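Chains A and B, in that order, give the protein sequences. To convert, note that position 329 of the first sequence is 329 in this note's numbering; the numbers rise steadily by one, no gaps. To convert, note that position 221 of the second sequence is 221 in this note's numbering; the numbers rise steadily by one, no gaps.
Bear in mind the hints are in silico, worked out from the structure with no lab data behind them. Treat the numbers as computed from the prediction; the structure is a model and nothing was measured. Please note: incorrect hints may appear among the correct ones.
You can't tell identical chains apart in this list, so a pair holds if it fits in one copy or across any two.
To be verified - Below, simulated DSSO-like cross-link-like pairs (lysine-lysine); rule was C-alpha separation at most 30 Å, straight line:
(1) Lys-282 x Lys-352
(2) Lys-70 x Lys-84
(3) Lys-352 x Lys-70
(4) Lys-352 x Lys-69
(5) Lys-115 x Lys-84
(6) Lys-69 x Lys-84
(7) Lys-115 x Lys-282
(8) Lys-69 x Lys-282
(9) Lys-191 x Lys-115
Spelled out from the first residue to the last, the chains are:
2 protein chains.
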Amino acid sequence: MYNPILLPELRQMLRDEDRQGISEVLTELHPATIADFTEGLDVEETWRLLAHAPIDRQAEVFEFFPITKKIEMVDGVGRQRMSKLLEEMASDDRVDLLQRLEPDLVEELLPLVAKADRQDMRWLLSFPEDSAGSIMTTEYASLPADITVAEALTQLRHQAPDTETIYYVYVLDSERRLVGFVSLRELILAKPATMIRDLMHRDPVFARVNDDQERVAHELARYNFLAMPVVDERDRLVGIVTHDDVIDVVIQEATEDALRMGAVGALEDNHLEAPFTTVWGKRSAWLSCLFIAELMTFGAMAYFEDAIAAIVALSFFVPLCISTGGNSGSQAATLITRAMALDQVRPADWWKVIRHELVMGIALGVTLGTIAFVQAALTPQSIVGNVDRWLLAVVVSQSVTMICLWGTLVGSVLPLMFRRLGFDPGYASSPFVATLVDVTGIVIYFSIASFYLL
Amino acid sequence: MYNPILLPELRQMLRDEDRQGISEVLTELHPATIADFTEGLDVEETWRLLAHAPIDRQAEVFEFFPITKKIEMVDGVGRQRMSKLLEEMASDDRVDLLQRLEPDLVEELLPLVAKADRQDMRWLLSFPEDSAGSIMTTEYASLPADITVAEALTQLRHQAPDTETIYYVYVLDSERRLVGFVSLRELILAKPATMIRDLMHRDPVFARVNDDQERVAHELARYNFLAMPVVDERDRLVGIVTHDDVIDVVIQEATEDALRMGAVGALEDNHLEAPFTTVWGKRSAWLSCLFIAELMTFGAMAYFEDAIAAIVALSFFVPLCISTGGNSGSQAATLITRAMALDQVRPADWWKVIRHELVMGIALGVTLGTIAFVQAALTPQSIVGNVDRWLLAVVVSQSVTMICLWGTLVGSVLPLMFRRLGFDPGYASSPFVATLVDVTGIVIYFSIASFYLL
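Isolated chain A (complex conformation):
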């Protein structure tokens, strides 16, 4: 949401050193809006602009820059200034950034950061990528159980500046173990003399530091929570995952799925801006692997060389047979993968899925087979040449029916198998599986053709 109107004004203000004007922009607007406005500024200009705001405000704006701009900004400024900014950033956002920087740079920055912040960062950096620990923030609000609501509100006012949210407050025992939770709404509505232990919800839903971030995201979404507490192996509260991080996880997940289906691996940055050879390397690696896998179709065709030489028209139906398998397979895979994601199907249901898709595959196959029969039967005899076109129609329609059934079965069973083996079921929609179905489709088609025609 780049705003071309404000940019010239901002540049003019920077040139004029219009302190008051810049200050106003930096305090009045939402940090996300300021970050959008600076999109057209270069790194040096952006740092000069930020310098007009207090350091905590600088950190707030910085957190809204896209990750590529953040990395450029770190490269374009002194280590000292950057370390002060890191101290002010939210605990989860700065770890996110550090994970994307060169390890050498991180080692230069960390010693300059205040000790408490440094320890927090090193600790959060130690969690595996995609774990709850890697996306949580350590800035949560907590209370003991044996105080009154009035005392709790006073404590919360003190904690507020250092916490990501005070709307959910976690109740801890003397060992910092999570024993309950209470919302600010409940605190506001309760009588001031009520004890927290009598107000709190016991047995709160929580995640463990090593839980997968997707699982945490789906749990939070399921319960409509603002935040989910994260505990360590001794049930001590160590952080919270907040609703905004969960939206990011859901979007990231959807992106990864799309990239996988689109024959692209992890290309994290803007591919138009990234170095050409890096992008070429990753894209050509994927395409080459698929190409080499697809070479099997050459072998399959060559195997049936005699049939093709005898009846040239047979080869005209090859693309049709291939795409039938591909489309029916990806349709079934998409439906089953989605049903698993929505928890409508579990790996234990495999028998129910196979039965359903077997019948469905036959029904779909007969539908397509009928269209194929009509098409083949309507083909002028001159094109099909030396073979009876009614017999050819039988061959093509039977093949299409069989291939559609086969594609549907492969597409529905593979996601279940992948899940059981511990892989992401989404891989079943990948082009590699399509390649497998291509090859088998050719074999099915020419086997049927050889049976009837040779």
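Start from chain A and add chain B according to the hints.
Just chain B, lined up with the frame of chain A:
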């Protein structure tokens, strides 16, 4: 998250009419957990269980049922009881449900609902699907600007039972126009005598009732908001969209994208539970359309009949050429569509995109062409028959290079074109575009082959 341990106990409690036990389950657990536990109960048992809780608690649990169970529950209970439950449900959740019920049923239910709730439902039902108005709730907290923080907190305590969130409070003028917003956190931290007008943020970010729900979702995610205010054409506040609805929109959107790529239209319910003929109808409609489109490949092959008859080995490379176009096209389309979704590319950048993808397409094409050359050159002379295998290698590698370049260009330009024409750019990843690239791939290949070999 079906819990098989609790289900027999629940059934036993229902049989024993163990009021105290059931009451405990219904009050102690989170409504989402209760909804999960009742998954194994039939409609009649679930209603019997719910009857042990007060009506507002019943509504809370009901809201967490999957949509299919909600519809069954409505069918399996008296209109009178259901109308009371509707009065207690959150304003956005009940409209969501009504949209999925038969219109006749809605007309039977609505007259039984209290007037204020009925008007609210009819009004929300009037907004187009996928608009901000259709997902917002009318239960928001609001304040005038000319009161103190202390007065504001008192007012909020009164509003709390009827609002979806009190963490964001919207400041309205005497005409109910949105003039500012303040968070509960700020209210708690401010001095009690501060005036709201001095504390509030002016120019709040807002959405309009007719804005697309996806735009609202992305704005809320961008600003890390808990809720986004929605105003009508006269700038009056009419509702809010909350963070939990936004997560649902993001998940729904990702699902739609996946279904489109996977050759499936909108299949809203669990496809294993839905009526067989409905699912067959939708799935076969998609596959049949794709099949008929793919019939063009037959025409393209038939057109080059002479070339194939003369050199049978040419047909062996057809699947390879087709898949090269398909994979390179879907890779480019996926990358550009994602870059547009992340706002890294705008339709105005089309020239930059074409230049980049032209060079990239050549680089990728040459890579694949080299592999193809080696493969074709290594093929035993006996298989390729009456044609020089070095010449065949030249034909195949040139074709693969050209088709890869063509696929990359089509895949990168189409999403930009679709966006400009007002369609979803994701359609460029659809199997229909793949079919188009299949046909052109065949034409490119045989044209090059005819040029060299005939």
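Comparing the hints with the structure gives:
1. Lys-282 x Lys-352: between (39 Å within a copy, 20 Å between copies)
2. Lys-70 x Lys-84: Classified as within: same-chain Cα gap 15 Å, cross-chain 53 Å, threshold 30 Å.
3. Lys-352 x Lys-70: between (50 Å within a copy, 24 Å between copies)
4. Lys-352 x Lys-69: Intra 50 Å, inter 20 Å, cutoff 30 Å: inter-copy only.
5. Lys-115 x Lys-84: Within one copy only: 12 Å inside a chain, 58 Å across chains, cut-off 30 Å.
6. Lys-69 x Lys-84: So Lys-69 and Lys-84 pass the 30 Å test inside one copy only (18 Å; across, 53 Å).
7. Lys-115 x Lys-282: Answer is neither: 40 Å inside a copy and 61 Å across each miss the 30 Å cutoff.
8. Lys-69 x Lys-282: Within. Shortest intra-copy distance 22 Å satisfies the 30 Å Cα cut-off; inter-copy 45 Å does not.
9. Lys-191 x Lys-115: Result: close neither inside a copy nor across copies, 40 Å intra and 33 Å inter.
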